[in-house]
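There are 4 protein chains.
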Amino acid sequence: MRFQDLKEEVCRVNQELIRAGLATLTWGNASGLDPALGVVAIKPSGVHWTDLTPERMVVLDLETGTVVEGGLKPSSDTATHLHLYRAFAGLGGIVHTHSAYATAFAQAGREIPCLGTTHADHFYGNVPVVRELSPGEVADDYERNTGVAITDTFATRAIHPLHMPAALCPGHGPFVWGASPGTALENAIALEAVAKLALLTLELNPSAMLPAHVLEKHFQRKHGPNAYYGQQAHRETKP
Amino acid sequence: MRFQDLKEEVCRVNQELIRAGLATLTWGNASGLDPALGVVAIKPSGVHWTDLTPERMVVLDLETGTVVEGGLKPSSDTATHLHLYRAFAGLGGIVHTHSAYATAFAQAGREIPCLGTTHADHFYGNVPVVRELSPGEVADDYERNTGVAITDTFATRAIHPLHMPAALCPGHGPFVWGASPGTALENAIALEAVAKLALLTLELNPSAMLPAHVLEKHFQRKHGPNAYYGQQAHRETKP
Amino acid sequence: MRFQDLKEEVCRVNQELIRAGLATLTWGNASGLDPALGVVAIKPSGVHWTDLTPERMVVLDLETGTVVEGGLKPSSDTATHLHLYRAFAGLGGIVHTHSAYATAFAQAGREIPCLGTTHADHFYGNVPVVRELSPGEVADDYERNTGVAITDTFATRAIHPLHMPAALCPGHGPFVWGASPGTALENAIALEAVAKLALLTLELNPSAMLPAHVLEKHFQRKHGPNAYYGQQAHRETKP
Amino acid sequence: MRFQDLKEEVCRVNQELIRAGLATLTWGNASGLDPALGVVAIKPSGVHWTDLTPERMVVLDLETGTVVEGGLKPSSDTATHLHLYRAFAGLGGIVHTHSAYATAFAQAGREIPCLGTTHADHFYGNVPVVRELSPGEVADDYERNTGVAITDTFATRAIHPLHMPAALCPGHGPFVWGASPGTALENAIALEAVAKLALLTLELNPSAMLPAHVLEKHFQRKHGPNAYYGQQAHRETKP
Chain A
473 MRFQDLKEEV CRVNQELIRA GLATLTWGNA SGLDPALGVV AIKPSGVHWT DLTPERMVVL
533 DLETGTVVEG GLKPSSDTAT HLHLYRAFAG LGGIVHTHSA YATAFAQAGR EIPCLGTTHA
593 DHFYGNVPVV RELSPGEVAD DYERNTGVAI TDTFATRAIH PLHMPAALCP GHGPFVWGAS
653 PGTALENAIA LEAVAKLALL TLELNPSAML PAHVLEKHFQ RKHGPNAYYG QQAHRETKP
Chain B
473 MRFQDLKEEV CRVNQELIRA GLATLTWGNA SGLDPALGVV AIKPSGVHWT DLTPERMVVL
533 DLETGTVVEG GLKPSSDTAT HLHLYRAFAG LGGIVHTHSA YATAFAQAGR EIPCLGTTHA
593 DHFYGNVPVV RELSPGEVAD DYERNTGVAI TDTFATRAIH PLHMPAALCP GHGPFVWGAS
653 PGTALENAIA LEAVAKLALL TLELNPSAML PAHVLEKHFQ RKHGPNAYYG QQAHRETKP
Chain C
473 MRFQDLKEEV CRVNQELIRA GLATLTWGNA SGLDPALGVV AIKPSGVHWT DLTPERMVVL
533 DLETGTVVEG GLKPSSDTAT HLHLYRAFAG LGGIVHTHSA YATAFAQAGR EIPCLGTTHA
593 DHFYGNVPVV RELSPGEVAD DYERNTGVAI TDTFATRAIH PLHMPAALCP GHGPFVWGAS
653 PGTALENAIA LEAVAKLALL TLELNPSAML PAHVLEKHFQ RKHGPNAYYG QQAHRETKP
Chain D
473 MRFQDLKEEV CRVNQELIRA GLATLTWGNA SGLDPALGVV AIKPSGVHWT DLTPERMVVL
533 DLETGTVVEG GLKPSSDTAT HLHLYRAFAG LGGIVHTHSA YATAFAQAGR EIPCLGTTHA
593 DHFYGNVPVV RELSPGEVAD DYERNTGVAI TDTFATRAIH PLHMPAALCP GHGPFVWGAS
653 PGTALENAIA LEAVAKLALL TLELNPSAML PAHVLEKHFQ RKHGPNAYYG QQAHRETKP
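Protein chains in written order, with this note's numbering: chain A, 473 to 711; chain B, 473 to 711; chain C, 473 to 711; chain D, 473 to 711.
Keep in mind that a hint or two might mislead.
Unchecked claim - In silico lysine-lysine, DSBU-like type, Cα no more than 30 angstroms apart, as pairs:
id	chain 1	residue 1	chain 2	residue 2
1	D	545	A	689
2	D	545	A	694
3	B	545	C	694
4	B	545	C	689
Claimed, not checked - Which chain A residues stay away from chain D? Per the calculated CB distances, all over 12 angstroms, these:
id	residue
5	560
6	561
7	601
8	610
9	684
Keep in mind that the hints were calculated from the coordinates and are not lab data. Note that CB positions come from ideal geometry on N, CA and C, so glycine has one too.
So here's chain A without its partners, still in its complex pose (with noise of 0.2 angstroms):
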């Protein structure tokens, strides 16, 4: 099988989108980029979890956007994914879902504040929400436009993709990446955490908020030069 390690990881990440509690029935998908190979693997659309497979991944070719590989019909949010693939160095991983504690954010329109050290240690600030779609970028090319949201937003707030992996699209849910499809997930995992940590902290403290030195700390010693979390001494900065 071609693309065979990429398709598995793939399809692993796809069904522990449900494992995990993030998706439910077809909603959400997964994809992972090999940059050697210029190709992207990701689910068939509407496919239920239980039915994916490795064979069943659809691979295309990241420049053109073609299917090199796979019988079915990509993900219909196949366009968003390739767009901050090729807009955003360094990603090998993204996850959409509709998880319900970072949805509601998305769709109330607000971020997801960086109220503790939980979220400080996966995400450099709060979450932000991206511009929403004009009715002609939704009526036209609106999957590509979902990604183009997001990066003009990035690029509008100076906000670096390795050190907030993760986007609120307004009234849709969250896109979320990382240097593979499995650090995605784990960002996606993170991220739901986080968002119901944070909803939970807002009713008990409407005014609640982290000081500035401990977000400061609690990324660098996962993601900074001098990282000292986990087992390896100099992490790279990467998602």
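Use these hints to put chains B, C and D onto chain A, whose structure you have.
For chains B, C and D alone, kept in the frame of chain A given last:
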């Protein structure tokens, strides 16, 4: 066994209500219609889900409501199901639950507002609360009148039942339907998920709303004449 | 083994409290009465649920409260159970839990309002909060006085214990009963479900209420002399 | 294997953190002290729970903090654990989690108020939020200073660590302890349960409180000199 396929699917969907966390104890029930044979299979009344077997499903004549097969009493909500099958063309399955978030909206007498694309993928606008029953309608033929209140409300507001496969009975809970028992189950799972999302969203932003053109886009990309979600090119506009 | 059936059912119901998510660690306890033999079987105090066996249940004389079988100390709440069996005719099982939503209402000192048919199917009106204990009643014979506060409150308000098989002890949690240990367990599961529904409903509509004629209809269709829910034509008016 | 019993119990408790729903991904850690040998065993840093084995636990000298056995780096929170063992007499286990409800109180900077007997059974009063760290304390020796803030706060407020086996670090989460790793785990499970109960209770009644004599009664019946909960007649006043 007569009506074997129908009874097996209806039994399975009744059991799935429990597994999906939509029902507790003996609450909730599912039915299925075989339009060619003109019969409806439904859960027996008050039987614990671990005791459900295809043989124990009760089969009734659609027009007369008389039992044509099965030794147990049908669900106490049978008259509601029969009324809906007769009044709404195109239904093949109906599910009634007391699932927590959808029932909370029903008890609160509030529509489930369409606040995001998760909702728009399944329900074409706010999920309506149907009119209250009068004391006379409750005292006499209560279960059939529950169905009448649903169909009255859809007629009055010109809601298409295949675009809005769910209704909230105030102080009671949701009835959900679809082209088959399995589709009705999926819609019931989706309803509970979007009700939870809506409640969480309203906590974060009481004036949240989804732009109309995004609702239009998402419903149509899954259910419209040019639908492109899933593996079938042109899906029927069926719930 | 003497009292074998009783001990097996009481053991099973204590284990079910954990499986149903109603109890954590060693919190919560269930008992059963054999009215013919005049004995009550109850969980031993502070024993982890994985160590519960029928042999370890403690059997006490209903009138004297002395242990007639079993080598372990009975639950610290035994005196509450015994008082309720003596005061309320028709009880065959009692369950005490610290389940989250019902306990939240008890800690808040608020009745669980009857906001829907799910509630009316099990409880004939609002689930009451019983009176506070005086410091003297807490210091001396605390557990028996917990039961006295329940029976006092039911007497003062003329609440029929077979129509209202649950009470909330303020700052503490619910006691729930039924014609058998299994029925008490079902009522405890129903109580937690309706408490959750009520809290969510109040978030959406603080002035929600259920019309009295709907409460009447639902309680009577399950428990009244002409009950038609379930497989028995005429159920006894028993919890 | 040296320190086998200690390493096995610490490994098991770290795994239980995940099973009990108190930890996600690699968040959270548990340790245990062998006071006779003067050594602490703790989870290795950033290791996934499915990869935890007794052999992978890291054993450190209590006084010097040097690793005496194990090939992996210890948890990044090790200095907090060591400080607490040194400062608080009678501790045999410590658990640190990011469990949702307890962490929400920590992020909100609010004590967990004692609102019911479930709380009073485990914690003698409100669970305190410890003082904030200064920027200097965060920059330099952060993890040890986290422990110092806990012990400072307990000293300032004259809180007995064996009566209050938990503390909330603001913007971070709870540290919980006990006479053994297993007891620390039980206290962490209880803390999360009472935090959830408190949040739900405050939603229903923002001015809820538990009378002082009920708190006294429940703490003493489980932990006082005349304790009568459980199978031991006179328990030690240990957490």
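Right, here's what the structure says about each hint:
1. D/545 - A/689: Judged against 30 angstroms, a Cα distance of about 19 angstroms means the pair holds.
2. D/545 - A/694: holds (14 angstroms)
3. B/545 - C/694: holds (14 angstroms)
4. B/545 - C/689: This hinted pair holds, its Cα atoms lying about 19 angstroms apart.
5. 560: Correct as stated: the minimum Cβ-Cβ distance to chain D is 23 angstroms, above 12 angstroms.
6. 561: holds (25 angstroms)
7. 601: holds (20 angstroms)
8. 610: The claim holds: residue 610 of chain A sits with its nearest Cβ about 35 angstroms from chain D, beyond 12 angstroms.
9. 684: The claim is violated: residue 684 of chain A sits with its nearest Cβ about 9 angstroms from chain D, within 12 angstroms.
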